[in-house]
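Listed below, chain by chain, are the residues.
Protein chains: 2
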Amino acid sequence: MDSVWGSYPPKTSDEQLDYLAQTVKDWTIFNGLTVRPNPSFIDDETNSNHVLATNAPVTLYPSPFPRKCFEQAQRLQALYNELYAAIASDEAWLGQIMQELVEVDDFLANLWKIHLQVKEEGYVQDLTLGLFRSDYMLHVPDEATAPSLKQVEFNTISSSFGGLAVRVARMHTELASFPRPGRSIAYPTHDLFGTASAAAFPPPNHAVETLVSGLAAAHAAYGSSKSTPALPTCILFLVQDKERNLFDQMALSTFIRTNNPDIPTFRLPVSKILAYTTIPSTSDSSSRPLIYTNPANSALRFEVSVVYFRALYAPTEYDTPSSWAARHHLERSAAIKCPSVLLHLSGSKKIQQVLTDTSSPILERFLPNTSKEDLEMLRSSFAPQYSMSDGPDSEGVKIALDSTRAESHVLKPQREGGGNNIYRSNIPTFLRSVPEKDYKQFILMELIQPPKAAKNVALRSDGQVVAGDVISELGIFGTCLWRSGNKGRDGMEVLQNGEGGYLLRTKARDSDEGGVAAGFSSLDSLILYDE
Amino acid sequence: MDSVWGSYPPKTSDEQLDYLAQTVKDWTIFNGLTVRPNPSFIDDETNSNHVLATNAPVTLYPSPFPRKCFEQAQRLQALYNELYAAIASDEAWLGQIMQELVEVDDFLANLWKIHLQVKEEGYVQDLTLGLFRSDYMLHVPDEATAPSLKQVEFNTISSSFGGLAVRVARMHTELASFPRPGRSIAYPTHDLFGTASAAAFPPPNHAVETLVSGLAAAHAAYGSSKSTPALPTCILFLVQDKERNLFDQMALSTFIRTNNPDIPTFRLPVSKILAYTTIPSTSDSSSRPLIYTNPANSALRFEVSVVYFRALYAPTEYDTPSSWAARHHLERSAAIKCPSVLLHLSGSKKIQQVLTDTSSPILERFLPNTSKEDLEMLRSSFAPQYSMSDGPDSEGVKIALDSTRAESHVLKPQREGGGNNIYRSNIPTFLRSVPEKDYKQFILMELIQPPKAAKNVALRSDGQVVAGDVISELGIFGTCLWRSGNKGRDGMEVLQNGEGGYLLRTKARDSDEGGVAAGFSSLDSLILYDE
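Line by line, the protein sequences give chains A and B. Residue numbering for the first sequence follows the UniProt record's numbering, starting at 1 and increasing by one per position. Residue numbering for the second sequence follows the UniProt record's numbering, starting at 1 and increasing by one per position.
Okay, chain A solo, but in the shape it has when bound (with noise of 0.2 Å):
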């Protein structure tokens, strides 16, 4: 596995590296591979009218990946797609899950009693769309097994940097075949950027089809105004105020105008929510359209037949009481939620553990009409997690307690918005110091143990070249639109399962947590080898 990093990313003299640097500079500006900079980059002063932007964060080089594991990654997606919408479909068994969660987790608590008002009240929008995005690290415990694919997360909401993506691959592509495939002006000769006669390039990038496909399938779903007179349709894409990854949404939406010209699409902002979108109080009680109202042209009023959440997903956002009053008006209007409550509910760190439980038949009970086959392979892409709360003769607590072995996991706290996290042998002291009452807070998880070999180049957002051992991300998009109906898992219907496009996210290998803040991050695409 690691002999294929042993010549890449290749060597360059100063002037090929500035070479190169200087071209992304120049093509990301250029195609819209962007961000707004960061406030620590460029001061809210100097950029009061905000109209800077700066090349989004990308690697010089793509990374090579396996094309086993990549293939294997694509055909995993429609599995999962149809496993979490059966998951958000089953309110029963989420509820069981959720008696343990509230305790432990306000987001989560909050979340659930949305939906338990709008249960209440009476949903009037039975179809549901996730736009998925399954994110995967190659796990090679040693040198003498092949590399596997092992699941990091599976997102319900807010699956970002599907637009961004689809530019790198484009990026890295034009860098490695300009002037000719294998003889390019930018990339020093490599094997793995193919010769004159093959050319390797990353496999084309079809996030934006794919997520868009989904979007533009729920917004036929929704069918026809609901209001009287009747309404043009829209879709709605919810953001952040400060939005500054705003050009990775605007590449869904600039797709829709092109290739669906008849599918209006607004960009709403959360502290906007209430007064621009409205729930007429005189529809029918059992239509509720949502009804979206221009802030620079309030004659021209549309219904919502798609809230797109890429805002609201964390903890964080709900920072005001209207947040979460905000949320509750969408999940009980007829907009189809993308997500609704239940599937956003499903994407958290809780449901991920339960899944990998082998005790018990519950990927047989989501996917009954699966071959064995393919459910192997879907737990095979699990990274072996434990429940804390089973006491102390629980596997998870024992393993955690002994310092041996718990040095080969982390211990996560349940609660949804990152950080915090507890590695390896600090782990057993960390336990020790907390009553074992709180343990049930926790997740155990196996670390996934990436290749050690790997390198690249990054370009960061305020200009840095940055070079080093890297960690690399795979995210494989996907979408499912689906109805719901009373019986869990039987009742539902799958109306859209779509797959197609990739993200590989790359970071310095420098932390443990390694998020964004500790060090850099930056978007990558990849190029497939054989092994």
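Quick caveat, the hints were computed from the structure, so don't treat them as lab data. Among these hints, one or two may not hold up.
No copy labels: a pair is met if it fits in one copy or bridges any two.
[Said to hold, decoys possible] Under the rule of at most 30 Å between Cα atoms (straight-line distance), these lysine-lysine pairs were calculated in the DSBU-like manner: (1) K242 / K11; (2) K11 / K272; (3) K119 / K226; (4) K440 / K455; (5) K440 / K398; (6) K68 / K452; (7) K242 / K437; (8) K119 / K68; (9) K272 / K372; (10) K398 / K455; (11) K272 / K113; (12) K452 / K398; (13) K11 / K452; (14) K440 / K113.
Add chain B to chain A, keeping to what the hints say.
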């Protein structure tokens, strides 16, 4: 004429203007309608890695323009292309004009000297490419007169903004048509934006296709390599070292890469001409191929088919002795120059003035096969200009010293480089302070009187939104590729003559000079109306 401006641009509420400006801020970045920021906005210390970008200055609305005048400007272009090709081919005639100019203008004198040196050595390339932009203003001397088109200048070198102008037209079209033509969100309803049944958009802008077709024709006409062994050929974009307008240029190179993938293009900063291009001394003296080596990979060498000048047009750019050496080096090479020194000289203000002299049949000399009607149309596009070197009884000097007649004129230095114009009643006073023998340093030009009621709103590159009275300048792009003979106009052969695409530049009316520094000059598009 002014009536069309009575209700234009349409009034907006603050919310409408905010929404429109925000939409434009995001659209420009996403679509590469961008520039690198001016150091007066973001200093080099903050932006030390030169990654930041901002929107090009643009108008929020297209400007109304009389359809008749626009179509006339299009018809004029092929005539102007041929006229300037003929002038640049008539070395004897140019030589006479230069005799006077070399005394008053070191810059033109140095260019002429390069021509004489290469002539003595012997030119090895008889093909020349012109990528032109003919700039006009609307002239409305009084309310009762229909607007007419008057030429401001004819650019024979570095005709810029074709790449960005195409994007501005697309942006204004989208703003006027989303979600529906005639009922857009970003623009208030207005007859000029069309109705639901008949949408009115900026005309399609084919500037990039036009300019690239000229470059591609020249590249093809260059033929195969003159080197031994043969090298692949390429087009070289000669650019300024600190170019901020590079995305305009990238629109051309990207179009070539997509549509003419067999033509490599490279950017070469002026300071690197002598480092990265050579004319091998071993080559046959009748050949002199220009060899380009890329800084990133010295093993890959190319022979330059076309040197496309996006630099070295202004006197201020020749700020080191090697600038002139570099220009001479390129001129003597076998590469097709866009433009040659003679074509560059043909674009000087003096030539423009000489052409307007109705006392001699100059147009007939250069365009012997052109109909009387077409020659008349050409002449009608000239703003009256007068030589100041023909003595105290000449028309020019008489007007300039008459305070009443001077009121509608501007006195311009013949020197290239802009600025230092003397306006209106200041002309007689100024001239009386100057020795009569120095009058020949100037040209007198009748002031063009643009529509007084024109207004628009612009988004500057620093994000400020500015509304007010404006003056617009229409540019039409054209190309010409020709082979010069030894007998001036008679010996030349035009291989390609193309027209297509436009630029509208709109600036604040508040200054006679009206340069970018004085007010704001924004990229605009036009919306045609019939009077």
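Exercise for review: Taking the numbered hints from earlier one at a time, note which ones the structure violates and give those numbers from smallest to largest.
Suggested key: 4, 7, 8, 9 and 10
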